[in-house]
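Participant: Spelled out from the first residue to the last, the chains are:
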Amino acid sequence: MSSHPSCASVLVQGIGNPLRGDDGLGPALIERLQNLWQETTLEPTSTVDPDSAVEPDSTVEPKPTFEFEWVYQLQVEDAERWIHFREVVLVDAHLRQTRPIELRELQARPLSGFSTHGLEPAGVLALAKTCFKVVPRVHLLSLRGVDFTMGAPLSGAGEASLGAALEWFKARWEQSLTGPIARGWNFASAASVHDHIQDGRNGAVGGFE
Amino acid sequence: MQSPFLVRVCHTLLTMSREIIIDPVTRVEGHGRVTLLLDEKNHIQEARLHIVEFRGFERFVQGRPYWEAPVLVQRLCGICPVSHHLCAAKAVDEIVGMRDETIPQTARLMRRLMHYGQVLQSHALHFFYLAAPDLLLGIDSEVELRNVVGLAQAHPELAKKGILLRKFGQEIIRATAGKRIHGISAVPGGIHKNLTPEERDYFQDGKEVPSINEVIAWCEETLAFYVDYHLRHRSWVDEFLVQPMPSLSLVGRDGELELYHGPLRCTSAVGYRILDDVDYHDYLEFYGEEVKPWTYLKFPFIRSLGFPEGSVRVGPLARLNTCDFIATPRAQRALEDFRSVNGRFPQQTLNAHWARLIEMLHCAEKIQQLLADPQLQGAELKKTGEFAGEGIGFLEAPRGTLVHHYQAVPSGEITRCNLIVSTTHNNLAMNEAVRRVSDRIFSYPRSKQGDPLLNAIEVAIRAYDPCLSCATHALGKMPLAVQVMREGELVAEYRRGEGGDLGDPVS
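Quick note, the sequences are listed as chains A and D, same order. Residues in the first sequence are numbered from 1 upward in steps of one, following the working numbering. Residues in the second sequence are numbered from 1 upward in steps of one, following the working numbering.
If you're looking for bench data, these hints aren't it; they were derived computationally from the structure. Incorrect hints may have been included.
Straight-line Cα separation of at most 30 Å, BS3-like style, residue types lysine-lysine; simulated pairs [unchecked claim]:
(1) D:Lys-207 - D:Lys-179
(2) D:Lys-382 - D:Lys-179
(3) D:Lys-193 - D:Lys-383
(4) D:Lys-207 - A:Lys-63
(5) A:Lys-133 - D:Lys-179
(6) A:Lys-170 - D:Lys-179
(7) D:Lys-207 - D:Lys-160
(8) D:Lys-179 - D:Lys-160
(9) A:Lys-129 - D:Lys-179
(10) D:Lys-383 - D:Lys-179
(11) A:Lys-63 - A:Lys-129
(12) D:Lys-207 - A:Lys-129
(13) D:Lys-193 - D:Lys-179
(14) D:Lys-207 - D:Lys-193
(15) A:Lys-63 - A:Lys-133
(16) D:Lys-193 - A:Lys-133
(17) D:Lys-382 - D:Lys-193
(18) A:Lys-133 - D:Lys-160
(19) A:Lys-63 - D:Lys-179
(20) D:Lys-160 - A:Lys-129
(21) A:Lys-170 - A:Lys-63
It should be emphasised that the depicted structure is a prediction, and the values quoted were computed from it without experimental measurement.
Between the sequences and the hints, there should be enough to build the whole structure, so can you do that?
Facilitator: Structure representation (structure tokens):
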């Protein structure tokens, strides 16, 4: 069973409903990231010169590319979609976390008894593993939300979470696109959020606690 | 976790209260809550399937320009946005002086292709993800396995094909609606784009997605798999729940199965025509709506029969009961098999699953026919007439008859909106299904009233595939709340934590 396919792309998938206040944090981040990605001057540069006779450096990773999309909820077909990416970063609102953003890696596991048409991320991973024999690396970036009222705009806390998430993405892009990245490096890692917090690089919220 | 949770609730409630609440109903779209009211002999006096939240969409749409309606109303639901998109488009066609019969042929065929893709993917999702775990693994199987992951472990090839069938339908939607969700393609009087030859080839050559020929073969395999199961468990399927009631749906001009446009037919449980292919534009003449104080969901009924006798069933089983035949050969053969086993007007609720798979096959056949039609590459996409100010759209959504009705002023603002969704049509049928199944369960010895039997309530509801339209699913949003009531007073409340764990009681 392979851990991920041999491709450099990262899927960033926002989950939520923009009509439901902070439930729209995932879609809102995707929209901002798409714009940012189009505007970025940080063009990914290949670490391999195609005209060079020198063998590719096996100690560095190819530069990542990104795809963005937002969905209401995860579904069974996302299992098949995820297997085509090296990494998947899910973005969803979280009602009960205290920090504006948190990141954790997900593991495939059986579903809990409760479910609706929407599927838990861990269940999607389990489906990918069972049906396609592939386990993509999946992280969940959760954004603190407080108001999910129908028709409501993003709350102040939600806007702060959104800002924090954007800053984290920018920092990771800067690192991944401008310098060599070692073999085994991943775009998303829990340590990256921790480092980001320690560096105090998130001016948007003035701290994470 | 579900099992200890439900067992605990069941036992707690039986000893504490005359009211039993199961919250939420699992594996239905959105969040459902069931309240069972017991009489002094522990018989179910009344069953109430609550709709937790008032969506307010009819008011939300008022004041917006009518041309925005097909896009706006998709936000009603994350599962069947295409149905709302197309039904609203049919209604706003009429506001701009057009009808389904008068819009350009390319637009009509593109919309149909989108609709068949939508029904195919929705039926695939329902069967493989929601229904099959109960049916193929058994409603008394371990709760940790009785879901799509458990199904994938037991039947990996079946689950894989289910995922790919769903993906195929989603790709049809993407190609016709412009996007996989929240398409922007249907516009007043037509469509935004045609199908390019490259897009057509994408679905025919099988290089990137399964070809339409493979999809048809898989639909037939799935149907055969289910029929084999049904015949081996026929007594259970037949006896689980029988609900004699009228069936309502659109039909084709010749009486064939019709999912997109046609007259409205209502047939009694024994085949009597209550509505004999009437024009759906007259629906206000023969529709009534009952309101109950405990739910925001209305109870539509056929006025000539009154309430509750005029409450109807909609959806796959109703459609196979109302139609005379199916105009695609493989699905027609499947319908003949279905009727040879179940009779001409079957009323067994679980027959909806067989009916759903026949419809899935029909949709695949229709997609194959449409892909071969060069009119999909036509250039005339839109046509408008004189402003009419009012429009009514009826459509057979995956779960049943869907109604969109708008009035607008010449400057464009919508002044009135009436939506009747499939789940609303099935409201009484679902409540009655819960009551009948529950009454049987609670006549059993208490030692047998565990999770498998409580899940039977959910099996009955899931046969209708209700869409309770709650697209809020943020992590930690706590969709699960269990309330224990005694004579109207809350004596305990449980909430489910993130990741499916049942938290401690909060009161």
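Participant: Could you run down the list of hints and mark each one as holding or not?
Facilitator: A quick look at each hint next to the structure:
For the suggested pair Lys-207 (chain D) and Lys-179 (chain D), the alpha carbons sit about 21 Å apart, so the restraint of at most 30 Å is met. Between Lys-382 (chain D) and Lys-179 (chain D), the direct Cα distance comes to roughly 19 Å. Compliance with the 30 Å bound is thereby established for this hinted pair. Straight-line distance between C-alpha atoms of Lys-193 (chain D) and Lys-383 (chain D) comes to about 13 Å, which keeps the hinted pair within the 30 Å bound. Simply put, Lys-207 (chain D) and Lys-63 (chain A) have alpha-carbon atoms about 28 Å apart, close enough for the 30 Å limit, and the pair holds.
Distance check on the hinted pair: Lys-133 (chain A) and Lys-179 (chain D) sit about 28 Å apart at the alpha-carbon level, within 30 Å; holds. The straight-line distance between the Cα atoms of Lys-170 (chain A) and Lys-179 (chain D) is roughly 27 Å, inside the 30 Å bound, and the hint therefore holds. Using a Cα cut-off of 30 Å, the hinted pair Lys-207 (chain D) and Lys-160 (chain D) holds, with the two alpha carbons roughly 17 Å apart. Annotation: proposed proximity of Lys-179 (chain D) to Lys-160 (chain D) holds, straight-line Cα distance about 24 Å (limit 30 Å).
Our distance criterion of 30 Å between C-alpha atoms is met by Lys-129 (chain A) and Lys-179 (chain D), whose separation comes to about 27 Å. Of the supplied pair hints, the one linking Lys-383 (chain D) and Lys-179 (chain D) holds, its CA atoms being roughly 23 Å apart against a limit of 30 Å. For the hint pairing Lys-63 (chain A) with Lys-129 (chain A), the CA-to-CA distance comes to about 26 Å; that is within 30 Å, so the pair holds. This hinted pair checks out: Lys-207 (chain D) and Lys-129 (chain A) have alpha carbons roughly 23 Å apart, not beyond 30 Å.
As the CA atoms of Lys-193 (chain D) and Lys-179 (chain D) are separated by approximately 12 Å, the hinted pair is consistent with the 30 Å bound. Distance hint between Lys-207 (chain D) and Lys-193 (chain D) is fulfilled; the C-alpha atoms sit about 24 Å from each other, no more than 30 Å. With a C-alpha separation of about 25 Å, the suggested pair Lys-63 (chain A) and Lys-133 (chain A) falls inside the 30 Å cut-off, and the hint holds. Distance hint between Lys-193 (chain D) and Lys-133 (chain A) is unfulfilled; the C-alpha atoms sit about 38 Å from each other, more than 30 Å.
Taking the CA atoms of Lys-382 (chain D) and Lys-193 (chain D), the gap is about 10 Å. The hint holds against a cut of 30 Å. Pair hint Lys-133 (chain A) plus Lys-160 (chain D) holds up; C-alpha atoms about 11 Å apart against a cutoff of 30 Å. Distance restraint check for Lys-63 (chain A) and Lys-179 (chain D): the Cα-Cα separation of roughly 28 Å lies within the 30 Å cut-off, and the hinted pair is therefore satisfied. For the proposed pair Lys-160 (chain D) and Lys-129 (chain A), the alpha carbon gap of about 11 Å is at most 30 Å, so the pair holds.
Distance restraint check for Lys-170 (chain A) and Lys-63 (chain A): the Cα-Cα separation of roughly 15 Å lies within the 30 Å cut-off, and the hinted pair is therefore satisfied.
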